[in-house]
Amino acid sequence: MTPPVEAAVDRAFREEWGQVVATLIRWTGDWDLAEECAQDAFAQALRTWRRDGVPRRPGAWLTTAARNRAVDLLRREATGAAKLREVAGVLRTDDDDAGDEPDVPDDRLRLIFTCCHPALALEARVALTLRTLAGLGTTEIARAFLVGEQAMAKRLARAKQKIRHAGIPYRVPPAHLLPERLPAVLAVLYLLFNEGYSATAGADLVRHDLAAEAIRLARVLVRLMPDEPEAAGLLALMLLHHARRAARLDEAGDLVVLEDQDRGRWDAGLIADGVALLDGTLRRGRPGPYQVQAAIAACHATAARPEDTDWAQIAVLYARLARLVPSPVVELNRAVAVGMAHGPAAGLALVDALRETGALAGYHLLPAARADLLRRLGRTAEAAGAYREAAGLAATDAERRYLARRLAALG
Amino acid sequence: MKYVLLICGDESAAEHADDGCGGWSEKMAERGVLRGGAGLRPPGDATTLRVREGEVLLSDGPFAETKEQLGGFCLIECADLDEAIEIAAAHPAAAYGTIEIRPLLDL
Chain X
1 MTPPVEAAVD RAFREEWGQV VATLIRWTGD WDLAEECAQD AFAQALRTWR
51 RDGVPRRPGA WLTTAARNRA VDLLRREATG AAKLREVAGV LRTDDDDAGD
101 EPDVPDDRLR LIFTCCHPAL ALEARVALTL RTLAGLGTTE IARAFLVGEQ
151 AMAKRLARAK QKIRHAGIPY RVPPAHLLPE RLPAVLAVLY LLFNEGYSAT
201 AGADLVRHDL AAEAIRLARV LVRLMPDEPE AAGLLALMLL HHARRAARLD
251 EAGDLVVLED QDRGRWDAGL IADGVALLDG TLRRGRPGPY QVQAAIAACH
301 ATAARPEDTD WAQIAVLYAR LARLVPSPVV ELNRAVAVGM AHGPAAGLAL
351 VDALRETGAL AGYHLLPAAR ADLLRRLGRT AEAAGAYREA AGLAATDAER
401 RYLARRLAAL G
Chain B
1 MKYVLLICGD ESAAEHADDG CGGWSEKMAE RGVLRGGAGL RPPGDATTLR
51 VREGEVLLSD GPFAETKEQL GGFCLIECAD LDEAIEIAAA HPAAAYGTIE
101 IRPLLDL
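Protein sequence lines correspond, in order, to chains X and B.
Residue numbers 1 to 411, in the UniProt record's numbering, belong to the letters of the first sequence in order.
Residue numbers 1 to 107, in the UniProt record's numbering, belong to the letters of the second sequence in order.
It should be emphasised that the hints constitute simulated quantities derived from the structure, not laboratory data.
These numbers were taken from a predicted model, which means no experiment stands behind them.
It is possible that part of the hints are untrue.
Derived PhoX-like pairs (lysine-lysine); straight-line CA-CA distance at most 20 Å [unchecked claim]:
(1) Lys27/B <-> Lys162/X
(2) Lys2/B <-> Lys160/X
(3) Lys2/B <-> Lys27/B
Beta-carbon label-pair distances, calculated as ranges [stated by the list, open to error]:
(4) Glu11/B <-> Asp250/X: 55 to 61 Å
(5) Ala353/X <-> Arg41/B: 50 to 56 Å
(6) Gly392/X <-> Val51/B: 57 to 63 Å
(7) Ala121/X <-> Gly54/B: 37 to 43 Å
(8) Arg31/B <-> Arg75/X: 56 to 62 Å
(9) Leu377/X <-> Glu100/B: 51 to 57 Å
(10) Glu77/B <-> Ala121/X: 22 to 28 Å
(11) Ala276/X <-> Glu100/B: 45 to 51 Å
(12) Glu11/B <-> Pro328/X: 29 to 35 Å
(13) Pro118/X <-> Asp19/B: 23 to 29 Å
(14) Thr66/B <-> Glu15/X: 46 to 52 Å
(15) Asp397/X <-> Glu77/B: 54 to 60 Å
(16) Ala79/B <-> Glu15/X: 29 to 35 Å
(17) Arg158/X <-> Gly54/B: 49 to 55 Å
All residues carry an ideal CB built from backbone N, CA and C; glycine is no exception.
Go ahead and model the full structure; you've got the sequences and the hints to work with.
Following this line, the structure appears as structure tokens:
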């Protein structure tokens, strides 16, 4: 069992790291210094809390400790003098409760918008968000993304250098920039989630943590930006997907498709949370791609048995999604939903039309969907050909094994 | 922060050489962010120079033979990268060419 002080420091690390670093960056303008001081503050907490007990407000305690450490470090270097005066000014005017005032934006929001600035490369945004906001170590991040530790350290250093040298502002973008900046933040969180969710490689455990981390960050974002329905939509989408994680793989580690999953192993609590969040968000009447995808996930998650799935509703939602973000993959999903709702012939007509455009040439899920529809129409020979075509295009062994099983089941 | 906007385009950009900036320069000068800049003659008129071991080496043409070539530059001074992005996006060349926003070294 973990002793209570270690547990308290662990919990504080998860809950407060981002806030401490974000506040220190605002005060000092120095990302490396902020991280170093935050690290020192947590080390100090481990020692001091053992002796004096866990403080009533661990976050405020840690922020003060990190700030004092910054003052110490800045005092030691000549160039720190000017910065020190700024920090000292902050010490007098900035009460620890300042972050609770409604019109003062939370420092973590500044941090996340800066980490996800579109002038940074996508992989740099992801790494920086995990390091500075979530507090993951360089080693962990490197392992999660299957790159060397040195390469990851370099990526992080380069990103921080670009922020400093290119003058990327440390702020929440003004309202007129939000419509283009918020999607960049949501995209980073969704990418993080999907990296964890589609974990098939050796580093499984680490990558599952990524999904949980993405959900945690999305919760923070939703709390900080309660008026942004797409932020809530993304969180709902993640919760509804995450609820199914235990049923997604079989003992051999193979993917189990939705209709074959043991629905008893879905997390009913998470599904209820996701649906409640989504319902409240949709009521605002400002739908976006994440809300629509969450609504589709909710249709699946709330069906007690596969045959209870409201496919007609799903087909309508995919049509809506296709209008919001036109893409051939969305069209394919719509065709599958139509095939379930209105019969395989209707679905096949859509799939064949899509096939003729050539937009999904080389994408194994198109012949796979076609094969299923042909099978249901009793056109067995054509179905077999389509399964073989799909298997030839599939990228992973698990997918090939799945398609081989479907082919064998044709008899 | 000071930035230079490097305005690049392929050969097709040459037909815009005499377009001017559609009032962009005037607007930015009035706003007080424009510090200087110019349009450039085509890369075919360029001479490239290196000094190696005391010897001046000249060659005809630009320093890199790439599809995209520098066609002009502007020096701006503004608050941060977001403002620089907004200023560059308003430049008419952004619609047919590419603009590189490069921060200046602090000296």
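Hint check results:
Taking the CA atoms of Lys27/B and Lys162/X, the gap is near 29 Å; set against the 20 Å cutoff, the hint is violated. For the suggested pair Lys2/B and Lys160/X, the alpha carbons sit about 19 Å apart, so the restraint of at most 20 Å is met. With a CA separation close to 18 Å, the supplied pair Lys2/B and Lys27/B stays within the 20 Å bound. Distance hint check for Glu11/B and Asp250/X: the Cβ-Cβ separation is about 58 Å, which falls inside the suggested range of 55 to 61 Å.
Checked against the given bound of 50 to 56 Å, the beta carbons of Ala353/X and Arg41/B, roughly 52 Å apart, stay inside it. At roughly 59 Å, the beta carbons of Gly392/X and Val51/B sit within the given window of 57 to 63 Å. A C-beta distance of roughly 41 Å is found between Ala121/X and Gly54/B, which places it inside the suggested range of 37 to 43 Å. About 41 Å separates the C-beta atoms of Arg31/B and Arg75/X, a value inconsistent with the hinted range of 56 to 62 Å.
At about 55 Å, the CB distance of Leu377/X to Glu100/B agrees with the hint of 51 to 57 Å. Between Glu77/B and Ala121/X the C-beta distance comes to about 26 Å, which sits within the given range of 22 to 28 Å. At roughly 48 Å, the beta carbons of Ala276/X and Glu100/B sit within the given window of 45 to 51 Å. Between Glu11/B and Pro328/X the beta carbon distance is about 33 Å. The supplied range of 29 to 35 Å therefore holds.
In this structure the hint that Pro118/X and Asp19/B lie 23 to 29 Å apart at CB holds, the actual value being about 28 Å. Between Thr66/B and Glu15/X the beta carbon distance is about 50 Å. The supplied range of 46 to 52 Å therefore holds. A C-beta distance of roughly 57 Å is found between Asp397/X and Glu77/B, which places it inside the suggested range of 54 to 60 Å. In this structure the supplied range 29 to 35 Å holds for Ala79/B paired with Glu15/X, their Cβ-Cβ distance being about 33 Å.
For the hinted restraint 49 to 55 Å between Arg158/X and Gly54/B, the CB-CB distance of approximately 36 Å leaves it violated.
The structure does not agree with the numbered hints 1, 8 and 17 stated previously, though it agrees with the rest.
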